[in-house]
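Here the protein sequences come in this chain order: E and V.
Residues in the first sequence are numbered from 1442 upward in steps of one, following our numbering.
Residues in the second sequence are numbered from 1442 upward in steps of one, following our numbering.
Because the hints were derived from the structure by calculation, they are not lab data.
Treat the hints with care, since some could be wrong.
Since the list can't tell identical chains apart, any single copy or any two copies may satisfy a pair.
As the list claims (entries may be wrong) - As a list, the in silico DSBU-like pairs of lysine-lysine whose alpha-carbon atoms are at most 30 Å apart:
(1) K1702 / K2056
(2) K1861 / K1805
(3) K1894 / K1759
(4) K1861 / K1467
(5) K2056 / K1765
(6) K2144 / K1663
Bear in mind the structure is a predicted one, so any value in this text is a computation, not a measurement.
Number of protein chains: 2
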Amino acid sequence: MNVTALDALMRPESVAIVGASTDSTKIGYTVVKNIIDGGYKGKIYPINPKANEVLGLKAYPSLLDVPGKIDAAVVTVPAKLVLSVVEEAGKKGVKGLIIISSGFGEVGNKDLEAQLVAKAKEYGVRIMGPNIVGTLSNAEKLNASFAPILPLVGKGALVSQSGALLIALDMATFTRKVGLEKLISIGNMSDVDFADLVEWLDKDDATSCISLYIEGFKDGRKFMEVAKKAIKPVIALKAGVSAHGAAAAASHTGSLAGAAKVYGAAFQQAGVVQATDLNNLFDLSLALSLQPPMLGDNLVIITNGGGVGVLATDAAEKFNLPLKFVPKDVQEELKKYMPEFGSAKNPVDLTGMAGYDWYHDSVKIAFSHKWTEGLVVLYCETAMTNPMEIAQGIKKAIDESGVKNKPVIVSFVGGEKSEKAMQWLVENEIPSYSAPDLAVHAISALREYARMKEIVSEPEDKLNNIDKLAALKVIRTAREDGRDALTEIEAKQVFAAYGLPTTITKLAKSEDEASALAQEIGFPIVMKIVSPEILHKSDAGGVKVNIKDDVSCRDAYRTILKNAKEYNANAHIHGVAIQEMAPWGTEVILGSINDATFGPTMMFGLGGIFVEVLKDVTFRVAPVSKKSALRMIEEIRGAPILAGVRGEEPRDRDVLAETISRYAHMIVDLQEEVSESDANPVLVYQEGRGLKVVDARIILKKK
Amino acid sequence: MNVTALDALMRPESVAIVGASTDSTKIGYTVVKNIIDGGYKGKIYPINPKANEVLGLKAYPSLLDVPGKIDAAVVTVPAKLVLSVVEEAGKKGVKGLIIISSGFGEVGNKDLEAQLVAKAKEYGVRIMGPNIVGTLSNAEKLNASFAPILPLVGKGALVSQSGALLIALDMATFTRKVGLEKLISIGNMSDVDFADLVEWLDKDDATSCISLYIEGFKDGRKFMEVAKKAIKPVIALKAGVSAHGAAAAASHTGSLAGAAKVYGAAFQQAGVVQATDLNNLFDLSLALSLQPPMLGDNLVIITNGGGVGVLATDAAEKFNLPLKFVPKDVQEELKKYMPEFGSAKNPVDLTGMAGYDWYHDSVKIAFSHKWTEGLVVLYCETAMTNPMEIAQGIKKAIDESGVKNKPVIVSFVGGEKSEKAMQWLVENEIPSYSAPDLAVHAISALREYARMKEIVSEPEDKLNNIDKLAALKVIRTAREDGRDALTEIEAKQVFAAYGLPTTITKLAKSEDEASALAQEIGFPIVMKIVSPEILHKSDAGGVKVNIKDDVSCRDAYRTILKNAKEYNANAHIHGVAIQEMAPWGTEVILGSINDATFGPTMMFGLGGIFVEVLKDVTFRVAPVSKKSALRMIEEIRGAPILAGVRGEEPRDRDVLAETISRYAHMIVDLQEEVSESDANPVLVYQEGRGLKVVDARIILKKK
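Starting from the given sequences, assemble the full structure and let the hints guide the process.
In structure tokens, the structure reads:
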């Protein structure tokens, strides 16, 4: 990425407006006016071949006629003229274009859009848009957009894929009293995309937190890579989580996928905090732009009223940060600042009598104590106490504590005085909310952010005993055979090449071969038809289990072949697979899909009713570290089954996690070849006894 | 309930303040001042033995000295003086007391509180409190409280069990711009409780919706009965849902219960809408106080921006009201009011170009159409359109449609202009919210309200073939035996008396009896130890299944007795139960707990891992109608198992529902005797083939 060009685009020393107009009904007029009104200090060059002046500024016939250098140009001319503007911009040495003009990809005009990008690349020009509102920056006092005003000053940046929403949210910063440093409309993302902006904003001194309104990525992996490395918190509101159901793939694993779940997994893996809705996006942006992450689960809640204390306690459990009692020594100290009927346990209830002093002293004690890892201070407005004094008491205590690495969040419930006090707190960098559960939700996001960052920073596993060439050889054979589906034996060979423990499975092409292989593997055995045309082997009468002797083996061989021919007279029959019969274990499923946005994606779940009835499956964009795989095993609803229930011994989760990690490595390694796959069932045994992949399926990408 | 006295208490023509003070630091001063400042039109009598005048009003030494009648008296004197005030009030004929004074049950002083109530009953005086903030009514312009001001005028009433929260929410009505008709502090509920207030407010012309902040009920069933009958919507925010885990009962069924789940079930059964948090309580109160219930699932969303449309679509799915495309004829009509690139499907996207006309015309068409059962109108503020005009267009269209029985909810995202437009809409009785998901959440509550009311209005089932006397006889025998636990045979006899299909189970007291009973029942049979001291029969080696002939039966008899004696040498052994061996079916569990708040409560879930690992169980306060039981069967996560999965036939849900209903009837009928019980497992067969209770347990109440 050309950071220099994006720098110039985002922090230009001079801006041209191509399509600048003297007609106040035109966007080309509005943009010039907005740049002037915003207070931009750089040079402004209106470009208009027919006017000498626009809004009091000298106008130029073209970019090439401008005497000085131009860092960025806003383009508002009709779509059909934009390509020539790009050409001119390139020749002039303009670094970046903010193309407001619409009429490109969004109305099916993809070729023209591609031409813009190609032309811009030729000259090293970066493009924002097309089809955008523009970009707004308080730091630059630059409103290069047709949104009416720079947002209320704040510390976070918001990038929006919806232009209409961006304009509305711009105005909403004033009524919500939550400011923004930057508002960026991303539009068609023909060139600059979410990943580019996250990378750039992460280095922008004026921005402390990056919020994204996302309808969809063009390249999910590029985004993940950048977000993983970001130093600043990234928050995403993903819209359209319900619409994707229809696009579910045809295969068994695919139909369980659900794009929303994969997006959720990707955000988690990249350390991106997910907002639940529009208000929450604002709420979290406030918290994450002002406060550090919460590094442990020890949350203290201080309140002056039982009611809000109880509601906050409920919320803490709901948001995965259940309260614990504070240590006795803290309780003893806190008891000094409350009447007899107060409570020092947690929530710490100072009672309605609490004023400046009690708030100040108890906040200072709680926040300074090493046990505390995060603090929520609640206040329920009373007629006897003054919200602003309470706010000042809280702020003073935090400052005096000298503690910088823990978050504090406040909620005041009350009227105008409380609102003003909260406003003051926000100005003093303490996020404040109008309801206790919002404060708890915000601090839980700071906790979740820290948890995710811990996973993101884990080093990747080194996997040995991987034979990619062997796997590719199996795949090539199938391709040469004109097949897109591997047989079970082939799929197991591929799995085995990546170190997945599979049941011994060999191909018998005759009754005698079957008999010999059975002897070699050892009874009891399982026998299955091997035919690329017969995928549902059981339905075809092509599976016999628990075969205990040679006579039964020979008998089964003949029966399976006969059944298969009756089932599908045209099927190519490779023979019969002779497999060791794995002892029974806990059934799990591993699988992969090729997600449209994120590519190779790993699925894991318990088998049987868990997957079929409860859809109890979890996803990760591959690769998946072993630690991440352990988290997958822990986060399904059926997790207790693997941990051991009803006195049963725990299953071998360690080997299972390694197997998931190896599987995920495999689907990344073979992503050019494999479309989807599964290992179903996989039987998992007691701790120390590993697992066995009993059946396997790999579908190749069509070439 | 004495409605007349409560009427006088809530709408008094005259109010006395016992403890009225001239000292502005006293609550007795504040209350008098608040009543005057609120603009109360009735007579005000300060009671103070030491003052002639309080705040310009003539003061009287005691209630008995007041010349005219007194409807209500506010009491602010110290706790120890309150009893004599009650006595005086009774003598004076005061109808109701608002006892602000604290120092009663909440600090353990329960006797004094009980004395107040007893004394008040003597005279027919109703008590609000003690330990309350007071009551505030805009209709009466009466602020009989120490909360500083009457709330912003609105249509809903709020009853709060937290006084501190009540004061804070009072002030918050002005900043939130959501008014309230009444604010009532309920405190210790020594006399007037939630049920009384719901009943009274339901008949109060000034109130259109009843909101409750609840920490706990004293009598859950009384509340349910009243709420079921309420004509007006009742909304509950239950606090303390996380704290109850610790109180879980010791038994298997009990430990699954969780008071929060039972509260949730009770609210549903009583048609009470549950708020998720404090803001949601305000949001839902606004919607339910202004709009009718939504009678079907056909929701139409009209928007001017894709972004908010997508967010609303996601929210609709989240809140159980997924969008469907509107019928073709509506689409054709709507297409007239949008550009080519708009969408008439649903969400209806008028695009950013939509102004007054398009909004007006499309809202009118959509709202008037018979298919539509609810409408959400979204607007994303643009620089080109005027929020107030859009609001007026929406309002005019709704009025012109003449439709009264469908709800409409609005959300504007934007700045100050949007806020003002929404304020105007609320004043015109159209609820409006600052984010699209809030609007969808609100309309989903109107839908849920209608769904619940439909269930509540179902007539109760008539159950025949019930022999309560037979059940009581079995219980009496056990009691006479000095036992609190019935044996399996006894429990099955009780179940059978209520028409539950149980496996035939008879008691053999000798090997020969066992042999004879086995012949009578028919092989194969199951044999189990019967001893009040051996509850875990399998652990004691006391169970033998699939016994196919006489020899095995005799053998089993001896083995079981031997094992039992080894297991517990002191156990009283009644003999061995000989049972028919039920064919295998789908395992479910029925059970009952005696909930501290709601009494006999029914539990249902699938057996095995569903109950043990997934805690996939659902509750209903008994009795449970058959239709309600069918909903229990449908709402567990494992519901597809009973509906038939993997090509299996559906289970006999009809008989299962009747069995649940009979079970629930039984636990109500025997509530004086039965503490907890379960039928586990119950085996459910294919449709038309019924079910069998295979094992049974009943624990009696200690007497």
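How the hints compare with the structure:
1. K1702 / K2056: Both: 12 Å inside a chain and 23 Å across chains, each within 30 Å.
2. K1861 / K1805: Intra 23 Å, inter 41 Å, cutoff 30 Å: intra-copy only.
3. K1894 / K1759: both (21 Å within a copy, 28 Å between copies)
4. K1861 / K1467: between (40 Å within a copy, 28 Å between copies)
5. K2056 / K1765: Result: close only across copies, 24 Å inter versus 33 Å intra.
6. K2144 / K1663: within (25 Å within a copy, 70 Å between copies)
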